[in-house]
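*Asks:* From first to last, the protein sequence lines are chains A and B. Each position in the first sequence, counted from 1, maps to that position plus 690 in the working numbering. Each position in the second sequence, counted from 1, maps to that position plus 18 in the working numbering.
Quick caveat, the hints were computed from the structure, so don't treat them as lab data. Do not rely on the hints blindly, as some may be mistaken.
Mimicking BS3-like on lysine-lysine, the simulated pairs with C-alpha atoms at most 25 Å apart in a straight line are [unchecked claim]:
1. A:908 x A:884
2. B:97 x A:962
3. A:961 x A:1038
4. A:829 x A:772
5. A:1038 x B:97
6. A:966 x B:97
7. B:47 x A:961
8. B:126 x A:961
9. B:174 x A:961
Chain by chain, the residues run as shown.
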Amino acid sequence: MTAVIVLAVMLVSGIIAMIDSIPYSIRTVYRYAQEETGIAPRGDPSILPKLVETVRKNAPVPIERIVICRVSSSLVKSIVGKWPFVMLGLKQEDMAYYAQRQKTTSVIGRYPRPGAPETIVSQPVAKNLGLKIGSTVLKPDDIENYAPTPVKVVGIAQTDRWFMINSIEYQRENYFPPIDDALIFAKNLADQNKLDHWTVKRFKGQRPLIFAYFQIEKNTREMFSTLYLILNVVISALAVVITFMMGMLMNIYQSQRIVEFGLLQAIGYTKKQLLKRVLLESVSVITLGWILGLFCTFGLLNVANKVLMEPKAYALDVFDLQAYAYTIPIPFSILVVASLTVVLRFRKFDPVGVVERRLM
Amino acid sequence: MIEARSASLAYIDHGKQVFACQEIDISVKENEFLGILGPSGSGKSSLLYLLSGLKTPTGGDIHYNGRDLADLGDDERSKLRIREFGFVFQQPYLLGYLTSLENVLVSKPNENRHQEATELLERLGLGHKTHRHPHELSGGERQRVCVARALLGSPKVIFADEPTAALDHKNGLSVVQLLNAMRSTGSLVMVTHDPSMLEQADRIVRLADGRLDKLN
Chain A
691 MTAVIVLAVM
701 LVSGIIAMID
711 SIPYSIRTVY
721 RYAQEETGIA
731 PRGDPSILPK
741 LVETVRKNAP
751 VPIERIVICR
761 VSSSLVKSIV
771 GKWPFVMLGL
781 KQEDMAYYAQ
791 RQKTTSVIGR
801 YPRPGAPETI
811 VSQPVAKNLG
821 LKIGSTVLKP
831 DDIENYAPTP
841 VKVVGIAQTD
851 RWFMINSIEY
861 QRENYFPPID
871 DALIFAKNLA
881 DQNKLDHWTV
891 KRFKGQRPLI
901 FAYFQIEKNT
911 REMFSTLYLI
921 LNVVISALAV
931 VITFMMGMLM
941 NIYQSQRIVE
951 FGLLQAIGYT
961 KKQLLKRVLL
971 ESVSVITLGW
981 ILGLFCTFGL
991 LNVANKVLME
1001 PKAYALDVFD
1011 LQAYAYTIPI
1021 PFSILVVASL
1031 TVVLRFRKFD
1041 PVGVVERRLM
Chain B
19 MIEARSASLA
29 YIDHGKQVFA
39 CQEIDISVKE
49 NEFLGILGPS
59 GSGKSSLLYL
69 LSGLKTPTGG
79 DIHYNGRDLA
89 DLGDDERSKL
99 RIREFGFVFQ
109 QPYLLGYLTS
119 LENVLVSKPN
129 ENRHQEATEL
139 LERLGLGHKT
149 HRHPHELSGG
159 ERQRVCVARA
169 LLGSPKVIFA
179 DEPTAALDHK
189 NGLSVVQLLN
199 AMRSTGSLVM
209 VTHDPSMLEQ
219 ADRIVRLADG
229 RLDKLN
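Produce the complete structure using the sequences and hints provided.
*Replies:* Below is the structure:
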């Protein structure tokens, strides 16, 4: 019975943890956006200086740096397919700043030279795409990761953030449209979110397009709200099935012990004592099963993470509290069914029937 | 000690009232070995369950030391059974997951009677099997563990319901002799259909069709 509860807990928390890994992956892959507020002039390069000036003068928090950049698109892999990612074109003097802002502790290799078909990628991107120094990341014959000339990796940044940088000169020379964007960095990271909200509000209804991390969070939540609703229904149905199954198992288990209960009641155990004994046993079995189930899930998620996810830098939270929390109703519902079964059985239980061998 | 006054036990079978025991007057005295003899279906087990408080009479009453058992609630009757009575049933019912010693101790929960239980098993010839589980014992040995369980705590009355039914004659006789020899000051009420098992009884009553037939 303990084993069944263990499996039930593993099933529920395993499903939730794997589903949770999708939004968790989104947050992990695009976490670089937490450090910056992006402004794109949306087709009109002439307004960028004005936009930058507006932010510089009116921002509600101190600005550390405004970086002019170009972006082109690339792709990274996830457990649910390929996701769009940006190749950021930066000036030489901004590359180290950007990498440091993205928590880079060291760089293996070097930064791309101005105008050269070179890139530096962060460690998770390198893992995800299987890149080493010298690997080609963009090439003319790859429609998903296109560049007119092969772009080679010349550096790998040691950080848990995801980013790809090449030189702004290379992008200006080879990509369309010919429009620069701006990245605004608040002096204190704690202020970046405030800056994001202010910028979105300030340019609402105007031409520029603002990229802010809180929008990614909001979109992710909205995108998954329906999925989680369906998931709740599925898990509830699963919990009901498991509970019924466990109730039936409990019933069979108690039927097998009918002689024991009959004997004990016949020699003088009260119904209350027997009830207490059986309920205590049930609580112990169920609690043990639940705790073991949580440990087994943790072990399973760790193995899955090490073997399947980490080598590709896929994100899986082995400490996903939501996944574990989803299993909380399982022991309680089983306990309720078990208690009801026991109480009903004991209500009209006749020990004489057992010792006379009528109920065996 | 125990007195049944016009005690009856009836049940409804297909809409008809059937008597398992009918208007039985009987008493169990202190320290006596009372044998209840009768063929199968004569109501002897029902009488035993009435006398021990396991069943409540549908007519008449059962008194134990002057108290009407019907006045006691379920819990009080259970407590009376565990404190003052010992039971041996037809089948050597033991808890399979407990050792012989633990099975003996089951009859007196929350009491430290480890030493007494060990001595009882030794006297019953099972001193070397105290840590064996029921499946490692023969039928006779299992019933002897049941005897030890019934004797633990020197109960005032031991009720034995066909304790030899599942044993061969030799083993059965041995169990009865042990039960009688070791009951110290307690009374023994034993139900059987085999008169040879009651050779040591102080008194024998016969039951037929739920009625007391004859007193010896």
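*Asks:* If a hint holds in the structure, say so; if it does not, say that too.
*Replies:* Going through the hints against the structure:
1. A:908 x A:884: holds, 15 Å
2. B:97 x A:962: holds, 12 Å
3. A:961 x A:1038: OK: residue 961 of chain A and residue 1038 of chain A at ~10 Å, within 25 Å.
4. A:829 x A:772: holds, 17 Å
5. A:1038 x B:97: holds, 19 Å
6. A:966 x B:97: holds, 16 Å
7. B:47 x A:961: With a Cα-Cα distance of about 30 Å, the restraint between residue 47 of chain B and residue 961 of chain A is violated, given a limit of 25 Å.
8. B:126 x A:961: Judged against 25 Å, a Cα distance of about 16 Å means the pair holds.
9. B:174 x A:961: With Cα atoms ~23 Å apart, residue 174 of chain B and residue 961 of chain A stay inside 25 Å; holds.
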